[in-house]
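Novice: Residue numbers (this note's numbering), protein chains in the order written: chain X, 14 to 323; chain P, 60 to 264.
Just so you know, the hints here were simulated from the structure itself, not pulled from any lab data.
All figures in this text were calculated on a predicted structure; none of them were measured in a lab.
Check the hints yourself; a few may be wrong.
[To be verified] If the Cβ cut is set under 10 Å, some of the chain X residues that face chain P in the computed set are:
1. Arg34
2. Ala40
3. Ala49
4. Ala55
5. Gly165
[What the hints assert, rightly or not] Quick list of the computed label-pair ranges, beta carbon to beta carbon:
6. X/Ala93 x P/Ala241: 55 to 61 Å
7. P/Ser244 x X/Leu105: 30 to 36 Å
8. X/Gln104 x P/Asn238: 28 to 34 Å
9. P/Ala147 x X/Arg77: 31 to 37 Å
10. X/Gly121 x P/Ala147: 51 to 57 Å
[Unchecked claim] Which chain P residues face chain X? A few, computed with CB under 10 Å, are given here:
11. Ala88
12. Leu166
13. Ala203
We put the beta carbon where it would ideally sit given N, CA and C, even for glycine.
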Amino acid sequence: MSVNEHPDPGAPIVPGSPLARMLDGYAAPELPAGFAERVLAAAEARPAPLPELRRAPSRSRRWRIGQRIAIGVASFGALATAAAATGLLEQLAITVPSARTVWAGLTGSAQPAGKPVAAVAAAAPAAAAPAAALTPAAVAIEGPIDTPEELGETFRRVDEVRAGRCEERRRVIDQRIASEIERRRAAGLRVPTPEEEARLRERIERQLAAREQRADAAVAARRETMQRKVENGEALTREDLTGRKPPSPETRERFRALRDLPPGERAKAWRDLSPAERRALADALRARRAVRLPPAPAAVPQEDTPPPSE
Amino acid sequence: MNTATDRAPATISAPPPGDDAAWAARLAAREPAALREMIARHGAALHRLAYRMTGDAHEAEDIVQEALLRLWDHAPALAGKHPPGSQAAARLRLGGWLQRVATNLALDRLRRTRRLSGGEVPEEEDNAPLADVVIAAGERDNLARAAVLALPDRQRAAIVLTYYEELPNAEAAEAMDMNIKAFESLLHRARMALRQALAAQGDAP
Numbered sequence: 014m015s016v017n018e019h020p021d022p023g024a025p026i027v028p029g030s031p032l033a034r035m036l037d038g039y040a041a042p043e044l045p046a047g048f049a050e051r052v053l054a055a056a057e058a059r060p061a062p063l064p065e066l067r068r069a070p071s072r073s074r075r076w077r078i079g080q081r082i083a084i085g086v087a088s089f090g091a092l093a094t095a096a097a098a099t100g101l102l103e104q105l106a107i108t109v110p111s112a113r114t115v116w117a118g119l120t121g122s123a124q125p126a127g128k129p130v131a132a133v134a135a136a137a138p139a140a141a142a143p144a145a146a147l148t149p150a151a152v153a154i155e156g157p158i159d160t161p162e163e164l165g166e167t168f169r170r171v172d173e174v175r176a177g178r179c180e181e182r183r184r185v186i187d188q189r190i191a192s193e194i195e196r197r198r199a200a201g202l203r204v205p206t207p208e209e210e211a212r213l214r215e216r217i218e219r220q221l222a223a224r225e226q227r228a229d230a231a232v233a234a235r236r237e238t239m240q241r242k243v244e245n246g247e248a249l250t251r252e253d254l255t256g257r258k259p260p261s262p263e264t265r266e267r268f269r270a271l272r273d274l275p276p277g278e279r280a281k282a283w284r285d286l287s288p289a290e291r292r293a294l295a296d297a298l299r300a301r302r303a304v305r306l307p308p309a310p311a312a313v314p315q316e317d318t319p320p321p322s323e
Numbered sequence: 060m061n062t063a064t065d066r067a068p069a070t071i072s073a074p075p076p077g078d079d080a081a082w083a084a085r086l087a088a089r090e091p092a093a094l095r096e097m098i099a100r101h102g103a104a105l106h107r108l109a110y111r112m113t114g115d116a117h118e119a120e121d122i123v124q125e126a127l128l129r130l131w132d133h134a135p136a137l138a139g140k141h142p143p144g145s146q147a148a149a150r151l152r153l154g155g156w157l158q159r160v161a162t163n164l165a166l167d168r169l170r171r172t173r174r175l176s177g178g179e180v181p182e183e184e185d186n187a188p189l190a191d192v193v194i195a196a197g198e199r200d201n202l203a204r205a206a207v208l209a210l211p212d213r214q215r216a217a218i219v220l221t222y223y224e225e226l227p228n229a230e231a232a233e234a235m236d237m238n239i240k241a242f243e244s245l246l247h248r249a250r251m252a253l254r255q256a257l258a259a260q261g262d263a264p
């Protein structure tokens, strides 16, 4: 009978079958005498086994995976923090929300965007708004300014802005003097001696002080007017605060159109106006300047900047 | 040389539960008497296994010695994992551990020999002069030896473990680091190959 005739060639080998008889013929020899002594001698000469690994083999695979995940998350967090701290994310235009924003998003307590910290009257100087937002106000200004407290708070904010402008003005003057001296030195021209420079600075400072004195007088006069109106229970208007009439929408639009033009085109547009229009615009501009500054007894220094608008 | 009567591992009596853990503890304590006892208990069975895997008595001795020395080396770790009196101690079977080590050592040596020689392991010639009385037995021995050694290594291991050492399939699969289904498939193919070899010899199974 061939293997193909066997009902199941892979069936277990039955003892006594021809295949079993054949396999039983494969006998194994005995272990040689003295084998045990050889093994014992080899065991004695065997070096001591290595110590146990530091990592305990009983630690479960799940914990090892969790440990690697934790290390990976911590590394990623450290790298992300370092990238955010060094400004790398900002360079890559990746927005990182603040913790307050994330918390508000989670809890749903987000403040409506654009809500003003303190509602300033519409007539308040625009430049005073940032200062008011940064400095906690003792008095909240709500609606039109019609109480002495609100008026005092307005004066305080205006004074803050004016002080900042005076300081900036002096810084610009120093910068211009230094750059002019440097330009002359680079061009090989004569530079003023320290005495000449001191005299120049003294003259500029004198004119500056006179200018601020005139502005202070104008401000004091206007503030007296405003205080009287508030004491009478009247609400202040924009004209009361700024000291000038607001330009008409047409005039404002015309100024804006001219201001937005490049200098060459601005001159050409000015020339293209009719004489009546040029005269009207010049009168409006002169009126604005007259309101902004009282008549100056002396020449305005070159380094001067526009006066504070109140 | 033993005859077919050495097929069954009747000489290895099943140790009482936890007994092997005590022996492992003694081996870990570096007692030569414990190693001698292990040689007496398991040496012969390991040698049969190795010899039938390799077909070489000297190679088989080396494999048995190496397996016993590995037991000597790993005894502290085994004793640590299976302290006497614990539940793990009842599961420790040093015989099975040694069979697994010896099987893997034999497979490794066969693989290495084939890689070095670039072909099948040549059947070793027996140059000893044969007496007339053993001619017939020798022919039968050579026939069986050739059939077993012609099997692929893992199929040979499956036949040696289950037929000659009479291990249950589950324990044989464990000794070869296989799952039971894969082992049974391997054993099925080995039996088929043996029956084909026997049919090729002209003897019906």
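Novice: State for each hint whether it applies.
Specialist: A quick look at each hint next to the structure:
The closest approach between the C-beta of X/Arg34 and any C-beta of chain P is roughly 8 Å, which is under the 10 Å cut-off, so the hint is satisfied. Annotation: X/Ala40 was flagged as interfacial toward chain P, and the flag holds, the nearest CB pair being 5 Å apart, inside 10 Å. About 5 Å separates the beta-carbon of X/Ala49 from the nearest beta-carbon of chain P, less than 10 Å, and the hint is met. With a least beta-carbon distance of about 6 Å to chain P, the hint placing X/Ala55 at the interface is held under the 10 Å criterion.
About 85 Å separates the beta-carbon of X/Gly165 from the nearest beta-carbon of chain P, more than 10 Å, and the hint is not met. Take X/Ala93 and P/Ala241: their Cβ atoms lie about 47 Å apart, and the range 55 to 61 Å is violated. In this structure the supplied range 30 to 36 Å is violated for P/Ser244 paired with X/Leu105, their Cβ-Cβ distance being about 57 Å. Taking 28 to 34 Å as the suggested C-beta distance range, the pair X/Gln104 and P/Asn238 does not conform, at roughly 56 Å.
Taking 31 to 37 Å as the suggested C-beta distance range, the pair P/Ala147 and X/Arg77 does not conform, at roughly 22 Å. Between X/Gly121 and P/Ala147, the C-beta spacing of about 55 Å keeps the proposed range 51 to 57 Å intact. The beta carbon of P/Ala88 comes no nearer than 13 Å to any beta carbon in chain X, farther than 10 Å, and the hint placing it at the interface is violated. Hint on P/Leu166 is violated. Least Cβ distance to chain X is approximately 18 Å, over the 10 Å limit.
Nearest Cβ of chain X to the Cβ of P/Ala203: about 4 Å, under the 10 Å cut. The hint holds.
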